[in-house]
Amino acid sequence: MSTVAITPDLVAQHQLAESEYRKIVSILGREPNYTELGIFSVMWSEHCSYKSSRLHLKKLPTRGKLVVQGPGENAGIVDVGGGYVIAFKIESHNHPSFIEPFQGAATGVGGILRDIFTMGARPIAVLDSLRFGPLNDAQAGPRNRRILQGVVAGIAHYGNCFGVPTVGGECVFEPCYNGNPLVNVFALGVAKKDDIFYARAAGIGNPVIYVGAKTGRDGIHGASMASAEFTEESKQKRPNVQVGDPFLEKLLLEACLEAMQTGAIVGIQDMGAAGLTCSTCEMGSRGGTGIEIELDLVPQRETGMTPYEIMLSESQERMLLVAAKGREDEVFQVFRKWGLDAVTIGQVTADGLLRVRQHGQVVAEIPNRELADEAPLYDRPHTESPVRPCPEGTHPSPARELMPPQQALLALLASGDICSKRYIWEQYDYQVRTNTLAGPGADAAIVRIKENGVSIAMSLDGNSRYGYLSPREGAMLAVAESCRNLAAVGALPVAATNCLNFGNPERPEIMGQLVAAIEGLGDACRFFDTPITGGNVSLYNETLGEGIWPTPVIGIVGLMPTAAPVTMDFKAPGRSIILLGGLGNCDETRFGGTQYAKVILKELWGLPPALDMDYEKRVHDAMREIVAAGLAESAHDLSDGGLAVAAAECCLGGVGAALHFESDLSPEFLLFHEGPSRILISTANPDGVAEIAARHAVEAPRVGITMNSALAIRNRDATLVIAKIDSLNAIYEGSLENQLRS
Amino acid sequence: MKFGVIVFPGSNCDHDAWFAVNRNLGHPAEYIWHDSPTLSGVDAVILPGGFAYGDYLRCGAIAKFSPVMAAVRKFAADGGPVLGICNGFQILVEAGLLPGALIRNRNLKFICREVRLRTETLDSPFTSAAEPGQILRMPIAHGEGCYIADERTLDELAAEDRVAFRYVENPNGSMRDVAGILNARRNVLGLMPHPERATEPLMGSSDGLVVFRSLVMAFQPTAA
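Same order as they appear, the protein sequences are chains A and B. Here this note's numbering is used: the first residue of the first sequence is 1, the next is one more, and so on. Here this note's numbering is used: the first residue of the second sequence is 1, the next is one more, and so on.
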């Protein structure tokens, strides 16, 4: 046993509260030793135990008729027909990506990919949701630019080499991410329904096998790091960030899928956060068994590692599996073929204990279930988010001189959140595996499953401006937008995954944001029939006491028959343009969260756009029917920047539009309000579209006609916008690179 | 006509090449593992894209030593058609089956993008089904696709009509816009763009089929 004395200081250094330490003592019936303290500290970290959020996460809907596996496994699983399932989940790698952007983001991709293929599914798509501080920030600009470039290169490095297409995502800039960039990565894989693998250790006496990379001293306490705020000293935590090897991961993927085919594997789990500790005790806990391992047998990259270091290492590209006794050789043979280490390091036992030996001596002995599932659970105090009042003299006010609408549109098209992200996504191989029907830049990414004629549409959405104004409504709007993105390409949403990025939950106002956002997500996901099958909570996104805005990111997956997708570009001149859902309405209380308020007015106030979920859903139903009937030549949902930005984006393919309104709204509200439930369609059969819309009781005014090479928008007699498409394109396409060069 | 798709541990376009040949071209294809000393009687060999052995050294630098490459060399020496795509091109260059080198893209970044290629010669088993000067649309997806060679080699390639494709808009800084080249015997083609990713309308282009159909026309055992 280790001889390090357990002092209150040491307990505090492990970020364990005194009450938590007392619970450890009561579970063990004695004081823990140093190794055991380390093991408890990572398993009971916020990152691994969800101790602040678990109570509230229970309110989320998790069941549905297509859901095969909900939360609690490495990924959620949904039946997509024809004997196939998809496995998917989103994870954050925020803290490591701030400390070391390239490797932090790369290993974020690596971690979520392992979560997918550990379930027997071959990854076929990745999407990423990125948030950075503004690139032109007076102080943090240079660092923000460096972080963006590092994160993007890291994602590209890992995903491209591994051979999974990065098919979509989002990238948003706000000052609250200056010290806390967010890197959320979603991955999705496909498996045969009969070939799903679970992370359960079953069968007393079955061998526990370690495969993949050797264990080194990297990433020790990564999970704990991700459960604390950043301070000036955080940069010293760089050694806590792991280094990824995508080639090794590719070998691990192929070897695992091939080994699974032998039928000799009973259960399997990747070693991600908290490494060997997490994989052993969670597999044991799920299987209701004990696990006994000998650390001398663990392949090690360096000599003299202590039990503490081996158990807490977060070296990448490792898996733990339980094989059927007597069939180890079948497993070893596969891993040998792929040139990987595969070693029996222990066995499944009946006593429910995680027993760790080194040199034959027991160095840790902890009940699996208590360690994995009995982590402290906190009902932290939480307060309601205040309403942010509309400041005196804010829009619209005659006292304020407003920018001409055309100039505002150009400014919005050049702004960080709206401008083309081509600079980012061209660095990703978004086509490998030749399944990508709609890639980056589309409303929803679409990948086909070659085996069953079904395609999967996916969208990641989150809007922290809305979340700041109302965590609850912001979360609901994110779900609505994600579902609308899917509807715009004709897909039916079937399930969701979420990544909840928040500040320090020990502060009641932050905890209040988290609780409200979870309730909003729950209500919206119940309404849109998209159960949440898994996800991730990332708290303590704070630097020097400055927390991020509430940033729930939702990923929704939908199903559609495999066919050429409907895209946003207008296709030919002379087509009718229909605004499915109608013009919507807006007043000044609901305008303060818009991109117009951000970019032009540089303000943030009031409430996010008003959402009528029932109407929203009818718009989606109508849209899907319009796509199914083959009536939509193009479709694009209205979101950031509202009507004018959406119309401009539809023109960027080269075919323009003349839009004409008869509206009482002010030009700013008409063009730039971000009311939901709206999709811009072009069609050769406007009557057919109108008929479907009417049947769903959805407004569908004809608002214009497509034409060559220019965008013109008029309200009554006033010309609000008249711009050549070439000039719109130049601004939209060139902006991000210009900002990175500045 | 039977195609063999070489599988290095880090190949990741092997399935795509197989799918393009087997499903979209309609000819049998089989995988050949990198440590295989033989090619088991295939009529054409595809070296697919990917990161053969991780490519942490120069791309293809390790792959050229793999057992299967000895068999590929012999196959090429006997006149068998060898198509190296992306990483496959890099390997062919490292193995000395094609001249020149492929270095990092001029912007130092990975680029995934559809490009246009101009068919420069019809005098090869990979391009004989094309129209003269035909423009083909297919994607690139590489970080190290900038083709370089000394002036003499470039002149020689041009003089011997061994540049199969040039970029219409050069994406990566390749000298003289070179996208794909032939060996002197014209039975080995290396090209950075991905014809296998352009073999059906759902992929956005079917132009890549020109390369595969040319091969079938030239080498199908039963063809007259």
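Don't read these hints as lab results, they were simulated from the structure. Think of the CB as a built atom: it goes at the ideal place given N, C-alpha and C, for glycine as much as any other residue. Fair warning: there could be bad hints in the mix.
Unchecked claim - The following label-pair restraints were derived from C-beta to C-beta distances:
no.	chain 1	residue 1	chain 2	residue 2	range
1	A	N452	B	A101	40 to 48 Å
2	A	G72	B	L108	40 to 48 Å
3	A	E733	B	V168	47 to 55 Å
4	A	G653	B	E200	30 to 38 Å
5	B	V168	A	T719	45 to 53 Å
6	B	G96	A	E733	55 to 63 Å
7	B	D35	A	K193	44 to 52 Å
Among all the numbered hints in the text so far, which are the ones the structure does not match?
3, 4, 5, 6 and 7
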